[in-house]
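Student: Can you build the whole structure from these sequences, using the hints too?
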Amino acid sequence: MDAIPYTIETRQDTGLYNAKLGIWLFLASEVMLFGGLFSSYILLRTGALQWPAGSTYLNVPIGAFNTLMLLISNLTVVLAWTALRENNFAKHKKMLGFTILFAAIFLGIKAYEYTMKFEHHHFPSENTFLAVYFTMTGVHALHILGGIIVLGYHFLFGGKMWKAKPQQFTNRLEIVGLYWHFVDLVWVFLFPVLYLF
Amino acid sequence: MANSQTGKIDHKKHFSIFFNLVFLTALMVAVNYFKLPGYIAIGIIIVLILIQAYLVAGHLMHLILEKNNLVYIVLILTGIFVAGLLLLPAFESKNLFEGAHHVP
Chain A
1 MDAIPYTIET RQDTGLYNAK LGIWLFLASE VMLFGGLFSS YILLRTGALQ WPAGSTYLNV
61 PIGAFNTLML LISNLTVVLA WTALRENNFA KHKKMLGFTI LFAAIFLGIK AYEYTMKFEH
121 HHFPSENTFL AVYFTMTGVH ALHILGGIIV LGYHFLFGGK MWKAKPQQFT NRLEIVGLYW
181 HFVDLVWVFL FPVLYLF
Chain B
1 MANSQTGKID HKKHFSIFFN LVFLTALMVA VNYFKLPGYI AIGIIIVLIL IQAYLVAGHL
61 MHLILEKNNL VYIVLILTGI FVAGLLLLPA FESKNLFEGA HHVP
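For the protein sequence lines, the chains are A and B, in the order given. Residue 1 is where the first sequence starts when you use our numbering, and the numbers rise one by one after that. Residue 1 is where the second sequence starts when you use our numbering, and the numbers rise one by one after that.
For the record, the hints were derived by calculation from the structure and aren't laboratory data. Fair warning: there could be bad hints in the mix.
Keeping only pairs whose Cα atoms sit at most 30 Å apart, straight-line, the calculated DSS-like set for lysine-lysine is [unchecked claim]:
1. B:Lys35 x A:Lys110
2. A:Lys160 x A:Lys93
3. A:Lys91 x B:Lys13
Facing chain B, a subset of chain A residues (Cβ under 10 Å, in silico) [stated by the list, open to error]:
4. Pro61
5. Val78
6. His120
7. Leu178
Distance windows between CB atoms, simulated [to be verified]:
8. A:Pro124 x B:Gly43: 24 to 32 Å
9. A:Glu119 x B:Ile73: 22 to 30 Å
10. A:Lys94 x B:Asp10: 16 to 24 Å
11. B:Asp10 x A:Ala53: 39 to 47 Å
We put the beta carbon where it would ideally sit given N, CA and C, even for glycine.
Tutor: Below is the structure:
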């Protein structure tokens, strides 16, 4: 028996393998984190005498392009996982590489947006909208960065585990994918709320 | 991502969801571009957001295929708390507590 049980087989009491229950509990805590931020946004916005349109400060085409980058990375992470289920490790690695690439492009564009704001002396202290924008997109960007680190680890060192424990590695990728989809889901809400409202 | 036991892989479905998500994002940008009246634009965009959320959570995260009740219990409990969080500002704006505070 492995040192860590239920990495592949499901537990009788939960009906899930451990990592899957773990990721859903983690995602539930993440929902609460971002739920709190969205709640603060609504509170601040409804309490404000004036609220600038997102396009006053933010570039909608750049935001839309960034959304596209994240959507593509979501497609490629699914393809990376399905490739494992088809026993095609080469395709998996290629798709995982694309996922990391598009995630890095997303972060790069976000960094460019931040730089442009700072160059125009738009800081979080300027007004509530910018404070909310930097806080929410900053927390989200940290999640992207965390995702890139995890994806990068599997990209670099996944081959060894795939050879030794293919089913466990496939399950791991499922967990990583669920996290990555969640990060995309948050952006699905963030983009229109900040850029379009 | 699907449960590992859910069988056949449907690549067409994944691509279809991806293109739907891109299309919905384009629609949102179009609604913003054509400067529709405030509440109408916000209403349309909220509907589009909810459709996108359904596609990502329901299909890409395969929640609609999830057979395990424990996952739903975790998510329903979380949903109740988040709904409470999101409703707090509504109470605040209706002066149910100490009245609305205006911030700059």
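Student: Please verify whether B:Lys35 and A:Lys110 have alpha carbons no more than 30 Å apart.
Tutor: 25 Å, holds
Student: Would you mind confirming whether the straight-line C-alpha gap from A:Lys160 to A:Lys93 stays at or under 30 Å?
Tutor: Holds - the C-alpha atoms of A:Lys93 and A:Lys160 are around 13 Å apart, at most 30 Å.
Student: Has the hinted range 16 to 24 Å been met by the Cβ atoms of A:Lys94 and B:Asp10?
Tutor: 20 Å, holds
Student: Under 10 Å, Cβ to Cβ, is where A:Val78 needs to be relative to chain B, so tell me if that hint holds or is violated.
Tutor: 5 Å, holds
Student: Holds or violated: the hint that A:Pro61 contacts chain B, with Cβ atoms closer than 10 Å.
Tutor: For A:Pro61, the interface hint holds, since the closest Cβ of chain B sits about 8 Å away, which is under 10 Å.
Student: Within a Cα-Cα threshold of 30 Å, do A:Lys91 and B:Lys13 meet the stated pairing?
Tutor: 19 Å, holds
Student: Holds or violated: is the Cβ of A:His120 closer than 10 Å to a Cβ in chain B?
Tutor: Violated - the Cβ of A:His120 stays beyond 10 Å from chain B, reaching only about 20 Å at its closest.
Student: CB of A:Glu119 to CB of B:Ile73, is that within 22 to 30 Å?
Tutor: Cβ of A:Glu119 to Cβ of B:Ile73: about 49 Å, so the range 22 to 30 Å is violated.
Student: With respect to the beta-carbon atoms only, verify the hint that B:Asp10 and A:Ala53 lie 39 to 47 Å apart.
Tutor: At roughly 40 Å between Cβ atoms, A:Ala53 and B:Asp10 fall inside 39 to 47 Å, so the hint holds.
Student: Hold the hint about A:Leu178 up to the distance rule: shortest CB distance to chain B must be less than 10 Å.
Tutor: With a closest approach of 5 Å, the A:Leu178 hint holds.
Student: Would you say the C-beta atoms of A:Pro124 and B:Gly43 sit inside 24 to 32 Å of each other?
Tutor: Between A:Pro124 and B:Gly43, where Cβ atoms are some 30 Å apart, the hint holds.
In this structure, the hints that do not hold are numbers 6 and 9, in rising order.
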